[in-house]
Every structure is written in structure tokens, then in C-alpha cells.
Amino acid sequence: GENVEQHPSTLSVQEGDSAVIKCTYSDSASNYFPWYKQELGKRPQLIIDIRSNVGEKKDQRIAVTLNKTAKHFSLHITETQPEDSAVYFCAAIPDDKIIFGKGTRLHILP
Amino acid sequence: GAGVSQSPRYKVAKRGQDVALRCDPISGHVSLFWYQQALGQGPEFLTYFQNEAQLDKSGLPSDRFFAERPEGSVSTLKIQRTQQEDSAVYLCASTASLGRYTDTQYFGPGTRLTVL
Numbered sequence: 001g002e003n004v005e006q007h008p009s010t011l012s013v014q015e016g017d018s019a020v021i022k023c024t025y026s027d028s029a030s031n032y033f034p035w036y037k038q039e040l041g042k043r044p045q046l047i048i049d050i051r052s053n054v055g056e057k058k059d060q061r062i063a064v065t066l067n068k069t070a071k072h073f074s075l076h077i078t079e080t081q082p083e084d085s086a087v088y089f090c091a092a093i094p095d096d097k098i099i100f101g102k103g104t105r106l107h108i109l110p
Numbered sequence: 001g002a003g004v005s006q007s008p009r010y011k012v013a014k015r016g017q018d019v020a021l022r023c024d025p026i027s028g029h030v031s032l033f034w035y036q037q038a039l040g041q042g043p044e045f046l047t048y049f050q051n052e053a054q055l056d057k058s059g060l061p062s063d064r065f066f067a068e069r070p071e072g073s074v075s076t077l078k079i080q081r082t083q084q085e086d087s088a089v090y091l092c093a094s095t096a097s098l099g100r101y102t103d104t105q106y107f108g109p110g111t112r113l114t115v116l
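Heads up: the protein sequence lines correspond to chains U and G, in order. Quick note on numbering: the numbering used here labels position 20 of the first sequence as 20, and the sequence is numbered without any gaps. Quick note on numbering: the numbering used here labels position 93 of the second sequence as 93, and the sequence is numbered without any gaps.
Just chain U, same shape as in the assembly (with noise of 0.2 Å):
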């Protein structure tokens, strides 16, 4: 089945740099690649997604790349602002299945 890893699990950046966190999938039939994200205590949100047959995405200072060929996704939050500490995580959806990543635990440090 499919497997979805996520990296880094924590990740601390100084606020106004950017953050990249990267997923890979193992099952080529995925073709839609949401990202969520989730305060502490709060819902999971839909912050972009990508499909497979584009490479990249862009919404203001959120951007996802895609590498089907490397089976790996990327979300970049660029001029990061204290309001972006929170986890965040990827998913893989093949054949009707959504598999999520264990999160990542965005800092934005002062």
C-alpha cells in the first residue's frame, strides 16, 4: 500500500526566512497531494494542493512542487510570520485512499 514519509518532524525557522518540507509517496497511482494545516487544539485545513499533472503551485507565499518521476512533494512558505507555527501535513491520495504524513512541527522563531 501506500506510504507516505514526511521530514523534518519538528522545524524551527527565524521569522521573514523561508520553510521547505518535504514529502515522498511510494505508490505511483497517487495523483492528488494535499497539504493541511493544523494549529494546536484546532481542525486541519486545506492550505494548497497539487495534482499530478502539474509541477508547481503557487498562493502568495505558499508554493508545492511536484516530482513524480522522484515520487516526492515539496511545500514552501516563504517570509514566514509567527501566524505560520503550526503542524503541518502532507497526504498522498492513491486509488481512493488518503494516506496522510506524520506532521511536521512548524516554529516560527522571533
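What the hints contain is simulated information worked out from the structure, not anything from laboratory work. Take these hints with a grain of salt, some might be off.
[As the list claims (entries may be wrong)] In silico contact screen, one side only, chain U against chain G (beta carbon under 7 Å); selected entries:
hint	residue
1	Y32
2	R43
3	P44
4	L46
5	F89
6	I93
7	I98
8	F100
9	G101
10	K102
11	G103
The C-beta atom is built at its ideal place from N, Cα and C for all residues, glycine as well.
Put chain G on the given structure of chain U with help from the hints.
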């Protein structure tokens, strides 16, 4: 409009008790999902409904877990004879479309279940 709501938000149960967790999806949303999120982990899929039909229950960890959505709106996840390993946050999500993962999933706030 209102988002996905879940109740109760917190539930403490003694081992062996039965619990029922409720999910109210966004009005009109066709698809409904239940997930289990252990501490420090990502959500894990439990089951999926399309309207009142339970199309996938492959993620339910044992036959102690049962979910229903009899009228295609509110859903209940029931756990019988709870065990300590059932302690987790149970998340519900809904989407407007029939396609399982082709549409944005809107999550509820979750129910934190603690089994003593």
C-alpha cells in the same frame, strides 16, 4: 455558513464503556469521512460515506467500531467496549462532491476521546 461540527468535543470513558461520537457535516455535503488522529500523528482514514451509503470502512480498526449516516446528513461513530488504545482525536470531514478526494475536505474540530 456553519462549518462541520462535532460533539462532544471531549469524552472521557472508562475502559469497556461504549461511546458515540456525532458529526454534523456542512449542509448539503454529500461525502463524509471519519479519521482517527493519535497524538503526534497524522489523521488515519477510518470510513467514508456517500450520502447514506457507507462505501468504504476498510480503516475501521476492529469490529468494535461502527459508523452510520442513516439519512445522509448527520453521522455517528460508535465504539463499543472502549480500550485504552482507542484514545485519540476523532475527526470528521465532509466534501460537497461525489468524488471522494477531488474536492476540498472541510474538517470538524474533532472529539478527543480519552479511555481510562
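Results for each hint:
no.	hint	verdict
1	Y32	6 Å, holds
2	R43	4 Å, holds
3	P44	5 Å, holds
4	L46	5 Å, holds
5	F89	5 Å, holds
6	I93	5 Å, holds
7	I98	6 Å, holds
8	F100	3 Å, holds
9	G101	6 Å, holds
10	K102	5 Å, holds
11	G103	5 Å, holds
Going down the numbered hints, you'll see the structure goes against none, and every one checks out.
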